[in-house]
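Assemble the complex: chain C is given as a structure, and chain Y must be docked to it using the hints.
Chain residues, written in single-letter form:
Protein chains: 2
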Amino acid sequence: MLDLYPSRVKENPSITKRKDPVIHNSTSQDGPLNKNDLDFYEENGYLLFPNLFSSEEVEVLQNELKRNMDENKASNEPHIVREAKSDQVRSVFDVHNNDEFFNRLSSHERIVNIAQQLLGSQVYINQSRINLKPGFKGNGFYWHSDFETWHMEDGMPNMRAVSCSIILTDNYHYNGPLLLIPGSHHYYVQCIGETPENHFEQSLKMQNIGVPDNDSINWLLEKGGRIDSATGPAGSVLFFESNTMHGSNSNISPLPRSNAFFVFNSIENKLVEPFANIAPRPEFLANRTNIKPIEPKSFDLTKKAFALS
Amino acid sequence: MLDLYPSRVKENPSITKRKDPVIHNSTSQDGPLNKNDLDFYEENGYLLFPNLFSSEEVEVLQNELKRNMDENKASNEPHIVREAKSDQVRSVFDVHNNDEFFNRLSSHERIVNIAQQLLGSQVYINQSRINLKPGFKGNGFYWHSDFETWHMEDGMPNMRAVSCSIILTDNYHYNGPLLLIPGSHHYYVQCIGETPENHFEQSLKMQNIGVPDNDSINWLLEKGGRIDSATGPAGSVLFFESNTMHGSNSNISPLPRSNAFFVFNSIENKLVEPFANIAPRPEFLANRTNIKPIEPKSFDLTKKAFALS
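If you read the sequences in order, they're chains C and Y.
1 is the number of the first residue of the first sequence in the UniProt record's numbering; add one for each residue after it.
1 is the number of the first residue of the second sequence in the UniProt record's numbering; add one for each residue after it.
Hints may contain errors.
The list treats identical chains as one, so a pair stands whether inside a single copy or across any two.
What the hints assert, rightly or not - With a cut-off of at most 25 angstroms between alpha-carbon atoms, the simulated BS3-like pairs for lysine-lysine come out as follows:
{"#": "1", "residue 1": "Lys303", "residue 2": "Lys35"}
{"#": "2", "residue 1": "Lys137", "residue 2": "Lys85"}
{"#": "3", "residue 1": "Lys223", "residue 2": "Lys137"}
Derived by calculation from the structure, the hints in this document are not laboratory data.
Here chain C stands alone, though its shape is the one from the complex:
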């Protein structure tokens, strides 16, 4: 397959134009998003919906997150990621496959319908996780485009995926919210360095390959004109395009941050062999088997699963 977005091959970084549409064959007739929403996403590469989930729903989601993390407390399976300096569980991956509640959540029409509209097709989950980031000593995460990694290490052919972060704690400016460079999704930053095998074992904690250079970040910021922060109350939901440059600062505040995170990929954009010429990353980071389009479901999150018809 033709590599539309080569990276990690040249000695010097470079910036090329995006080759895929941002919104794929959709109009405001095709889903819940209106023209303003679509225009904002096209221009800025993200959409933030304050209070898309109610406080009652947030309470359920927070409890389920804690329940899942408690269940995994003693596990040493690779999809459970812990804090470097303590034993605390920081992320549980693949929750749409290994947890009944989060499997249901991943099909909730309130988020799936938006993903379908943005990607102009049926969708499936390429990666999911729940995150609990501690206060006081919360580490930041440097600027990166998810797509660069998904393309090079997972074999995602096109920019036709969207990340959905359901924010489960209030996000303030000072507790390490996600920062985004508006408009950065229109450009592809070709990074330097060769990808080592099993790079993911290191890169989940701190990325050093697939990291954009300073000049490219400066250039994107000059184009975009500003840095936006995904702040908002618990229950807000952030959708951001696969190639939007994002990162976060550290968090010395006592206020921890938690979220549920789903990457929706177009059913027409299934993974092929990684473009970095390495073995594919594990299934919990990039689903490639048993791919089926999600059937969006309407249900009340605050009711037990057995109450469903």
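Same frame as chain C, now just chain Y:
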């Protein structure tokens, strides 16, 4: 001398009430600050004046900062502090003593009159520095009360000092601005741990003694109700009380931060022997010789010094 604020002696941290007034014998008749300003400072422990210096003055200040840092590029004197991972100068201390321009700046009536009013007496400079904090990889600095260190390691007897930070680059929420816990200056957090000799050599980079515990920070935040960020355009000036709990997150944005920093101490609060039973820190961190009250001066920063009468 009686130690009003013991710290680093007990096995467990504790919080006591402040024993000094916040505003010392002053009213709105005594200086440039009005009643609202004084009330805000009394309640919150800081005051931020947007654009106290004009953009023309900021340009002069920025150039003088660069000039001074360039002059000190090759120096290996201890008052020049460099980045851990590069050779770049990060801070130059004692600029009110070793640099003609910053000596003049430290006597500018626009800042000295405010310090005098807050401290209710004549003032002198206890510590000064200019800072250039890089973008992309700027480190944060954990919560601390300056007074705790000044008391224990420098022998400052009372809470009767104020820090003045002249902000020389635009401070945004996302480039690591100073964070403050409003009202925290009313309480003294007694820290644990014993102070090693020459602790300052380490603590200028990362503090590990005199660091407040998590429970105390939580308690202060609950009392204060919020965290405030010192954001604002270049030329803004932040005054914050010696005991106000403050810190900063990291800065992944490309935008560096620079400032000129003066600690004004009351002439009635001169340093004695350190309360931690260690040798006093060097003069460049804590002035104790040739202390004379500052005579506030009115002059035009954008005019050369020789234009003064």
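Hint check:
1. Lys303 to Lys35: This pair counts as neither: shortest intra-copy Cα distance 33 angstroms, inter-copy 55 angstroms.
2. Lys137 to Lys85: both (10 angstroms within a copy, 21 angstroms between copies)
3. Lys223 to Lys137: For lysine 223 and lysine 137, the Cα distance is within 25 angstroms only across copies (21 angstroms; inside one copy 33 angstroms).
Violated hints amount to a single one, hint 1; each of the other numbered hints is respected by the structure.
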